[in-house]
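2 protein chains.
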Amino acid sequence: MMFRKILYPTDFSDCAVKALEYVKKLKGAGTEEVVLVHVMDVRGIATMTTGVAWSGEATALSYEGEREVQEMMRANIEKKLEELKTEIEAVGLKVSVKAVDGIPFREILKIAEDEDVSLIALGSHGKSNIMEKLLGSVSEKVIRDSKRPVLVVKRDPI
Amino acid sequence: MMFRKILYPTDFSDCAVKALEYVKKLKGAGTEEVVLVHVMDVRGIATMTTGVAWSGEATALSYEGEREVQEMMRANIEKKLEELKTEIEAVGLKVSVKAVDGIPFREILKIAEDEDVSLIALGSHGKSNIMEKLLGSVSEKVIRDSKRPVLVVKRDPI
Chain A
1 MMFRKILYPT DFSDCAVKAL EYVKKLKGAG TEEVVLVHVM DVRGIATMTT GVAWSGEATA
61 LSYEGEREVQ EMMRANIEKK LEELKTEIEA VGLKVSVKAV DGIPFREILK IAEDEDVSLI
121 ALGSHGKSNI MEKLLGSVSE KVIRDSKRPV LVVKRDPI
Chain B
1 MMFRKILYPT DFSDCAVKAL EYVKKLKGAG TEEVVLVHVM DVRGIATMTT GVAWSGEATA
61 LSYEGEREVQ EMMRANIEKK LEELKTEIEA VGLKVSVKAV DGIPFREILK IAEDEDVSLI
121 ALGSHGKSNI MEKLLGSVSE KVIRDSKRPV LVVKRDPI
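Quick mapping for you: the protein sequence lines, in order, are chains A and B. The numbering of the first sequence is this note's numbering, which starts it at 1 and goes up by one. The numbering of the second sequence is this note's numbering, which starts it at 1 and goes up by one.
Since the hints were derived computationally from the structure, they do not count as laboratory data. Take these hints with a grain of salt, some might be off.
[Unchecked claim] Think about it this way: if two alpha-carbon atoms lie no more than 27 Å apart in a straight line, the pair counts; the simulated BS3-like pairs of lysine-lysine are:
(1) B:K110 <-> A:K154
(2) A:K18 <-> B:K154
(3) A:K85 <-> B:K25
(4) B:K24 <-> A:K154
(5) A:K94 <-> B:K24
(6) B:K147 <-> B:K79
(7) B:K27 <-> A:K25
(8) B:K154 <-> A:K133
(9) A:K94 <-> A:K79
(10) B:K133 <-> A:K27
(11) B:K80 <-> A:K94
(12) B:K147 <-> A:K147
(13) A:K94 <-> A:K80
(14) B:K141 <-> A:K141
(15) B:K141 <-> A:K147
(16) B:K110 <-> A:K141
(17) B:K79 <-> A:K147
(18) A:K154 <-> B:K98
(19) A:K25 <-> B:K127
(20) B:K27 <-> A:K147
(21) A:K154 <-> B:K18
(22) A:K24 <-> B:K98
(23) B:K154 <-> A:K154
(24) A:K154 <-> A:K141
(25) A:K25 <-> B:K80
(26) B:K127 <-> A:K133
(27) A:K18 <-> B:K127
(28) A:K141 <-> B:K147
(29) B:K80 <-> A:K154
[What the hints assert, rightly or not] Simulated restraints on C-beta separations:
(30) A:E113 <-> B:E132: 20 to 26 Å
(31) B:I130 <-> A:S96: 39 to 45 Å
(32) A:G30 <-> B:V42: 36 to 42 Å
(33) B:G136 <-> A:E64: 45 to 51 Å
(34) B:N129 <-> A:D14: 34 to 40 Å
(35) A:N76 <-> B:P157: 58 to 64 Å
[Said to hold, decoys possible] Covered stretches of chain A (chain B as the covering partner; in silico rule of three or more C-beta atoms under 8 Å from a C-beta of chain B):
(36) 63-75
(37) 101-114
(38) 146-157
For each residue, glycine too, the CB sits at the ideal point set by N, CA and C.
Excised from the complex, chain A in its bound form:
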């Protein structure tokens, strides 16, 4: 059952979209189930809300603003995940959805173990170029520490 259950983490970047095409195609090689995952990067939120706090607005307001922005982001993510679920189910694969907070590579590796997936399929580069340059890409760290096979789909040359 080498390709039976695939963990597909997405940050909705172009590269992740491209990786999904490979996931769908793997049905022919025995894929039955996809674990569709989005990790909301807690470090990203911290940076963003610090940005708000430093913008000169009243702190109490920015705290409210922060909560509102987070709620909007969460609603948006859930909507996108539902759309992707429908898209993947359309090719005849079973889909479970997980939206979690954390440090992406850690959560991805944890879910890979918890769900006992056959393979992790992901894009080589996410949305946050700056974060990736500072911290290394999520895919690099997933590949390094994963016990399971990893399919890395590279981004298109710019």
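Using the hints, position chain B against chain A.
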């Protein structure tokens, strides 16, 4: 044609053997052709023959010995590649074989481009643990610089 033509580099390590099982299984996802590659690491040969030269034997003899060892290694590699070719053909895939000298990740990336492969499938760790610790693993460098998707099969936990 996401999985049509796969570049499968092997150093005959356990991890590479494991990766081959994934390659065979990808036939169901549209794989038709496998480019089976072994790169004889020129740095490895240098180390080995320097070892012979430093062993205290006559230099002229060690030069002859070096040639002889290299020829034996090459014959052995060709035999192994032929066996693998037969094994891959047995599942109904077309196979072309390449045995080249060079620095493995560079040759792998070059062949990936020259052969316009859809995917590179390889083991995460090769035979030479010491070389990998010094220089980084071949798979790391292939993933970093490849324009094409890479399937990395991790070695079994030790």
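Checked hints:
Of the supplied pair hints, the one linking K110 of chain B and K154 of chain A holds, its CA atoms being roughly 16 Å apart against a limit of 27 Å. Among the hinted pairs, K18 of chain A with K154 of chain B is consistent with the structure: their alpha-carbon atoms are about 23 Å apart, no more than 27 Å. As the CA atoms of K85 of chain A and K25 of chain B are separated by approximately 25 Å, the hinted pair is consistent with the 27 Å bound. Annotation: proposed proximity of K24 of chain B to K154 of chain A holds, straight-line Cα distance about 22 Å (limit 27 Å).
At most 27 Å may separate the alpha-carbon atoms for a hinted pair to count; K94 of chain A and K24 of chain B meet this at roughly 24 Å. Taking the CA atoms of K147 of chain B and K79 of chain B, the gap is near 31 Å; set against the 27 Å cutoff, the hint is violated. With a CA separation close to 11 Å, the supplied pair K27 of chain B and K25 of chain A stays within the 27 Å bound. Only pairs whose Cα atoms come within 27 Å are accepted, and K154 of chain B paired with K133 of chain A is accepted, the gap being roughly 25 Å.
Of the supplied pair hints, the one linking K94 of chain A and K79 of chain A holds, its CA atoms being roughly 18 Å apart against a limit of 27 Å. Of the pairs offered as hints, the one joining K133 of chain B and K27 of chain A is violated, with about 37 Å between alpha carbons and a cut-off of 27 Å exceeded. Between K80 of chain B and K94 of chain A, the direct Cα distance comes to roughly 40 Å. Violation of the 27 Å bound is thereby established for this hinted pair. The hinted pair formed by K147 of chain B and K147 of chain A meets the criterion: a straight-line CA distance of about 24 Å does not exceed 27 Å.
Taken as a hint, the K94 of chain A and K80 of chain A pair is honoured in the structure, with Cα atoms around 17 Å apart against an allowance of 27 Å. For the suggested pair K141 of chain B and K141 of chain A, the alpha carbons sit about 14 Å apart, so the restraint of at most 27 Å is met. Of the pairs offered as hints, the one joining K141 of chain B and K147 of chain A holds, with about 19 Å between alpha carbons and a cut-off of 27 Å not exceeded. Only pairs whose Cα atoms come within 27 Å are accepted, and K110 of chain B paired with K141 of chain A is accepted, the gap being roughly 25 Å.
About 31 Å separates the Cα atoms of K79 of chain B and K147 of chain A, which puts this hinted pair outside 27 Å; it is violated. Of the supplied pair hints, the one linking K154 of chain A and K98 of chain B holds, its CA atoms being roughly 25 Å apart against a limit of 27 Å. Between the alpha carbons of K25 of chain A and K127 of chain B the distance comes to roughly 32 Å, so the proposed pair goes past 27 Å and is violated. Between K27 of chain B and K147 of chain A, the direct Cα distance comes to roughly 24 Å. Compliance with the 27 Å bound is thereby established for this hinted pair.
Using a Cα cut-off of 27 Å, the hinted pair K154 of chain A and K18 of chain B holds, with the two alpha carbons roughly 23 Å apart. About 31 Å separates the Cα atoms of K24 of chain A and K98 of chain B, which puts this hinted pair outside 27 Å; it is violated. With a C-alpha separation of about 19 Å, the suggested pair K154 of chain B and K154 of chain A falls inside the 27 Å cut-off, and the hint holds. The straight-line distance between the Cα atoms of K154 of chain A and K141 of chain A is roughly 15 Å, inside the 27 Å bound, and the hint therefore holds.
Under the criterion of a C-alpha separation no larger than 27 Å, the hint pairing K25 of chain A with K80 of chain B is inconsistent with the structure, at around 31 Å. Distance hint between K127 of chain B and K133 of chain A is unfulfilled; the C-alpha atoms sit about 31 Å from each other, more than 27 Å. At roughly 32 Å between alpha-carbon atoms, K18 of chain A and K127 of chain B are farther apart than 27 Å, so this suggested pair is violated. In summary, the hint linking K141 of chain A to K147 of chain B is supported, as the alpha carbons are separated by about 19 Å, within the 27 Å threshold.
For the suggested pair K80 of chain B and K154 of chain A, the alpha carbons sit about 31 Å apart, so the restraint of at most 27 Å is broken. Roughly 25 Å separates the CB atoms of E113 of chain A and E132 of chain B, a value that falls within the hinted 20 to 26 Å. The hinted range of 39 to 45 Å is satisfied by I130 of chain B and S96 of chain A, whose Cβ atoms lie roughly 42 Å apart. One distance hint, 36 to 42 Å for the beta-carbon pair G30 of chain A and V42 of chain B, holds here, with the actual separation near 39 Å.
In this structure the supplied range 45 to 51 Å holds for G136 of chain B paired with E64 of chain A, their Cβ-Cβ distance being about 48 Å. Checked against the hint of 34 to 40 Å, the pair N129 of chain B and D14 of chain A passes, with Cβ atoms roughly 37 Å apart. The supplied range of 58 to 64 Å is broken by N76 of chain A and P157 of chain B, whose beta-carbon atoms lie about 39 Å from each other. Chain B is given as covering the segment 63-75 of chain A, and this is violated because 0 residues of the stretch bring a CB closer than 8 Å to a CB of that chain, at least three being needed.
Given a C-beta distance limit of less than 8 Å, the hint that chain B covers the segment 101-114 of chain A is violated, as 0 residues qualify and 3 are needed. Three residues within the 8 Å Cβ limit are the bar, and the segment 146-157 of chain A against chain B gives 10, so the coverage statement holds.
Hints 6, 10, 11, 17, 19, 22, 25, 26, 27, 29, 35, 36 and 37, counting from the list given before, are not met by this structure.
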